[in-house]
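Each of the two chains sits in its own frame; use the hints to bring them together as a complex.
Note that the protein sequences, when read in sequence, are chains H and C.
Just so it is clear: in the first sequence, position 111 is 295 by my numbering, and no numbers are missing.
Just so it is clear: in the second sequence, position 33 is 15 by my numbering, and no numbers are missing.
Each hint can be trusted.
Below, computed lysine to aspartate or glutamate pairings styled on EDC-like, alpha-carbon distance capped at 20 Å:
id : chain 1 : residue 1 : chain 2 : residue 2
1  : C       : K421      : H       : D632
2  : H       : K417      : H       : E356
3  : H       : K492      : C       : D44
4  : H       : K412      : H       : E385
5  : C       : K421      : H       : D628
6  : C       : K52       : H       : E480
Quick caveat, the hints were computed from the structure, so don't treat them as lab data.
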Amino acid sequence: MTILSITEFVGHLHPMLVHFPIGILLMASIFRLVATIGKSPSLQPAVPVMIFWGMLAAIVSCISGLLLSQGADYDQALITRHRWLGIGTAVISIALYITYKRRLNPKLTAWISALLVVLVATTGHLGGSLTHGEDYLSASFGNVVDTGPALPPIPQVQEAHVYNDIVQPLLEARCYNCHGTNKQKGKLRLDQPGLILKGGEDGKIISDSNPDESEMIKRLMLPIDAKKHMPPKERAQLTPEELAFLHWWVTNGAPFDSKVNQLAMTSGIQPVLAALQSGTTAGPVINDDLPAVPVEPAPSEIVNRLKKAGVMIVPVAQNSNYLSANFVTASSTTDSIISLLESLKGQLVWLKLDGARLSDSAFRLIGRDTLLRRLQLSNTTLTDQSIIHLRSLKNLRSLNIVNTRVTYSGIQVLRELKHLRHLYLYQTEISNADWPALLRAFPDVALDSGNYSLPMLPGDTTVIRLP
Amino acid sequence: MTRQELIDQRMAGEAREAQLRLHTRRHFIRESAMGLGALAIGYMIGGCGNNSLPATTAVAFDPAHPLLPKSPPFAGKARSVIYLHMAGAPSQLELFDYKPELMKMDGQDCPPSLMEGKQFAFIRGVPKMLGPQAKFSRHGQSGSWVSENLPHFSTVVDEVSFLKAVTTDQFNHAPAQLLMHTGSPRLGRPSIGSWVTYGLGTDNQNLPGFVVLTSGGSFPDAGKSVWGSGFLPSVYQGVQCRSEGDPVLFINDPDGMSRNVRRASVDAINAANMQEYKEYNDPEILSRISQYEMAFRMQITAPEVMNINDEPSYIHEMYGTKPGEACFANNVLLARKLVEKGVRFVQLFDWGWDAHGDNASNSLNIGMINKYRSIDKPVTALLLDLKQRGLLEETLVVWGGEFGRTPMMENRNGAQNPFKGRDHHTDAFTIWMAGGGIKKGITYGETDEIGYYAIKGKVEAYDIQATILNQLGFNHETFTYPFQGRPFRLTDVAGKVINEIIA
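Here chain C stands alone, though its shape is the one from the complex (with noise of 0.2 Å):
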């Protein structure tokens, strides 16, 4: 560069620089007026392809009776949902997704190929691959594959549609479970309790209508935003309730308070929150005024249809209950009852699926088949129940966790673990679902010859999602709700329904 240009250089430098200078605020402003224009322009024209946007599902919010029950846009085959989360994700690799190839690479180092552009929530370097831990067989007449863990659940396959090849793009607990029931991983969505019950209102007026039973002695790492209500109005978040104790934390009066004393109490109360109402005009306190004369309703009907003691003994022995203690299949009698009570969404959550093997509870070998026990004479009467009771046709089940499990053994952080365990999977995992209109004796989608990929039927979060809507008789795709300047649903731009398992 010769001296004069890179005089030339500066000049032209310091030029650009003294324009910027000059330009303030006023400029960009006045200069973002076409812009601005034409952004205006195309709201008012309403854009190109105005003649396609979608038709919106009407859904009529009475802020009085935010519960009452209402019609979907088509007549669904499911009227109400179990949904079984196991939190903390189990391993498909020793339940439902079979890999004898996996067993001949049992302890060799991992392909470089599998770890290649990967992050693992704990894998580092080079870990060994793992074979199945569990012997599996062929069960029923649709020949579906269980392994020897779940030796109940595997008699009544030919009631189930497995999905082998769920896929999901979060790799750690609480993003992972908050799309799967907000279908997005991060905070602020409703969750699909929340969306079918403000959908669908609840048959039982006396009772909530998105009730949630946790159990495994924690919650679920997403929290209770798991099962809030996001943007929805308050009052269909889920309500926690408990299958050990009183259902729900004082439901029953303190001592000394008649129940004329809480009437007049709850009369006063709604009272003023009418007067609040009169002033403000806001729909979330009629709903509060709502809430009041439910929770008083609930003082007596809740005890009695929550209270899984007066079920005769061979209903006990049935689903293994354990009398008094907050367990999963407390939790499951009482999703039983509560469906057939009227109730819409029930979800439970067992937590300590998170087979990791750095100790004995969640090895794959100890702990884990100690949760598959807790669960598997549980969800099989459930199934049964359901069916002898004619309300499997309509109560759609659902069971599954988070994301899968590797087919690596786990090496945390480098150094091998003192158990045998996997890690975070997001690449393939088993979901089933029964009952509800979906199609008996059915596997959906496959995974490679070790489980680490899928490669047929591929779906994910949102597509389930979208299954469970259409057979409570909603399209996703216009099921929304304006916040914020637009229209949000559940499935949010994805999902598609899974027509190869509805019946």
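Bound-form chain H, shown alone (with noise of 0.2 Å):
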């Protein structure tokens, strides 16, 4: 903790002494002209009091502020054009109460007292850009400059520059106003990279490849209401996402001439990748079940043909056109019906079959639904012979074949599918002996054999009563 010197300790009280001469002289202002042209001549005899104190918080604004202007980093135009201005209110707030001690000519007074005015307000606005930035009172008004996309949908991610396609636009957006050309709080500039890894008054902000030692990133990730959060609360945020990059980009040795595809791929990154190329930073990333990218909505009458039919479709989220569909209730699931899906292949990404009824023609069809990321096919009439319809689907995470007549040989279909995280071959025809092969041939997968029986327990069926 440092202590402050008298001197430092008379400046921090600039920003509050300067309301002082601004409240007085502009009320002295507002008695003079009142007294002299309105009906109230009563005021008069307040006036050379209240301009005479106003003259000395002026001055005492004026002494503070040139205190306060010694230690701080501001922005260098602006704080000359304040500093004179703010002279200028002082010398001619001076000036005012001598023309009005030695009752000079009216007239000049008038002149001098409405110059004072303009001063004292012009003074104020930009002591009030110093403190709370240029843009703080046009932000009233509805055009902040920093909201918005901070960063335009970037059509080859993979081939983009790290820093020039997407960590320097990021700080632009979000970061150079306060740590820019034109502001360096906290003696910090990130608008070059030299100055980046040169850091800020408390010594570097990126820790070699170890962003949860990197002051930046410590900071861009603590929770919005904690002081030291950056941006600073009212400031548009990072999205999660950029935040992810950034974290990344850190990870990597903070590069600053790299493409994307020249730095180690993990598998957290993808999905940001996938959403910074496709624009929708915003939203939360919530799983891997939904493609990142978004599409345009399923046509309209196809989707009410099969909500006429029973089929509980919809899209898995509000802000989504993906689509979620459950035949749990559906009256018919003839191939018609089933053939429906094929206008849908675009968007449908989970699919709920248990228990239909479904002819060889429809899992062909359901095989085209290549976008398909969940599909649960239990109780249904799957064999060996129609499961390998499935071997379209790439991007299947999911499938549920519970109960079905499907085989082991049957199963060696999926294999092609090199997403797929879960299998549930719980009442298939495929037996214990096949089992350590099955492990074998699918090491990523999660399969579950279902079958599971709890022990009888002497304690499950006794009662115990008071002995």
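See below:
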């Protein structure tokens, strides 16, 4: 903890002191106007008294302001204007006092008084801009500069330059305001690679390849209410994807000249890159069950026909056009109904056909919905012949074929599904002897054989009573 | 005080009184004008921080089809919920929260520091400490602590996330249950199942979206309000079904009434209701019409889906069902069947967990042992059965009570209870969650050495509600319903999603 010297202390009083000259001098001008033009000559004696105190306050504000400007890092152009206008205000208020005391020409007094009002207003505004930011006042009219997406969609994200195409525009949109050419809060500038590496008044902000030790990433990741959180609470924030990208960038040593595909890929960064590519950085990344790229809405007449047939079909989320369909209460699962799904193959990602009576050709039709991520075909007529049609479902994450006639040999076609993570095989025709081979064949898939049973324990049936 | 001062004082008092008497209602209203004007201005300019008003989740309510499935704001991991509530509040100290230090204090007088400023339901004076009435060991790869009272459940702990430091501020059953399920200890708020079916609808239009099953011979203390719809449209209240006899009372047509006659009578009632709707435009009437239609369809589907007898015998053995009884095991099996058929929210209440020890049936060493046994197998079977059917991925299972039990032995009104029991305890208890995108084999939260206070990872009912909604795809802070001039939410003004247990 540093102890403020007396000069620093007086400097820190400036933001409080400035309100006195502003208030008193403005009020003095109003009183003067009312007393001269209006019908309240009784106010007249108050005017010189107020001008005197306003003048004194203006001088004290000037001194404290000069002291404050020594220590802190403000926009230099802005502070120069504020300084000279502030001194000007003090000088003019002295002049006004003298004209009043000497009872000089009232016309002259009027002019000086008007000039003083303009000076007070302008100086005050500049001072406000210094503390609250230049867009502070205009923000209330709705033209805030830094809202809206920080990054445009990046079509070829793998080929993009990590710094030039992603990090730099991101910093420009979210950080340059206070850490750029105009202002260097905390003596930190982020608008040039060298300055990013140099850090701010507390030292380096990027620790070599260690995001969790890097001040920049740490502050970005603090809860929004934390005092040190960046960007400040009232400013536009980074999305989780943008944050994840910066984290990954620092993990890779914060390179300034690499392309995205030259850095180490992790499974976590893939959806982030996909989101940057599609420009859908807003909204929570929830799971792997959905493609990251947005799509057009499905043709509504097809959706309505399915609904009419009792199929429960809804978008997976309010901001998404991907569809989830459940046939639990469908009145019919004939080929003509199933064939409607083909028109939804760009949108349909979750499909439940539990217990549906499906023909062999229906399975072929289902095999065309290549975006499917979750598919439930339990209690259906799926066989070793019809399961072949599912080999085209390259995006499948979870497949449920509980209680079907599928055997060990039939299931082999699913080995082509590289993204498959869950496979439910309860009540299929797979024998216990096949399991060791099956586990080897699907090393990355959680296979569930089901058939769980619980032993009968003596306690399960006996009831304890009072001895 | 001099005589003059006294007179002055009296005079001043009289003057003040006289002035007050002149202050009529008219004055009051006139003087209020400024305040009212200020209020109006505040309202007109939208208050300060107008821009920071939280977005609200849009829920399209169609009174004619109130239960059709709807999309959540974001794609959640869970699509349905089975909430197992042990009404009466089971003892965490005999099931999950292992406290060897408490054993050392067994039989000693409770230190005064634990009693200071505390209020208990029944404990008075100085109670004795009571050590854990069960042996504990670690189970599964996660090494979670479970007592010998749940031998079956201890084999599936790797599927479960334990919340060891749940707290509440209600030490009586009814308010605590209301808080757990409606987000308020007082009556009148919608239950969580109502919120969920309001927001998501349900996949199966031939069955209710929110089903309630009770066992243990009694309703929960909070009564039916605990599954009520509060200020939400009444169509979203829980529908109580039975696992024994007719699943819904009077579901079969009476003798001599054919299906056609039933259809004709439903049509006639609906026509009359439609006329009423045209006159008054009350959307509740449309909901009523849709309810008649659903009831008509349910007459066919419900007996079939809700009949657990057609399940194979090995499933019955696994759950430990008891044919023809309204017991917890039967309800759990029925819950699985309902979720399988697309029911959104199934709420189970099992009564009889109030382990006070004032009689044998609620003592820790007799009655509670029977309770543990009555849920151990069914709950374990439920998790395994959902898992093997591929349903656990998208079904969130929650188990818990409304509060916990004290590390002290209850001394009802200062006298020793005849059996070993514990009083209501609000400062620490255990709830677990599984499936529906919850982490597997996690223990979150910690209590102190004797299980008295939550010291780490403390959560409350609101946090659990926020987490359930999150798993279904809702932000609990924006999922609101306008009522009496302000938006209401399930979690009131609290709640934080427990990210530590989310996969």
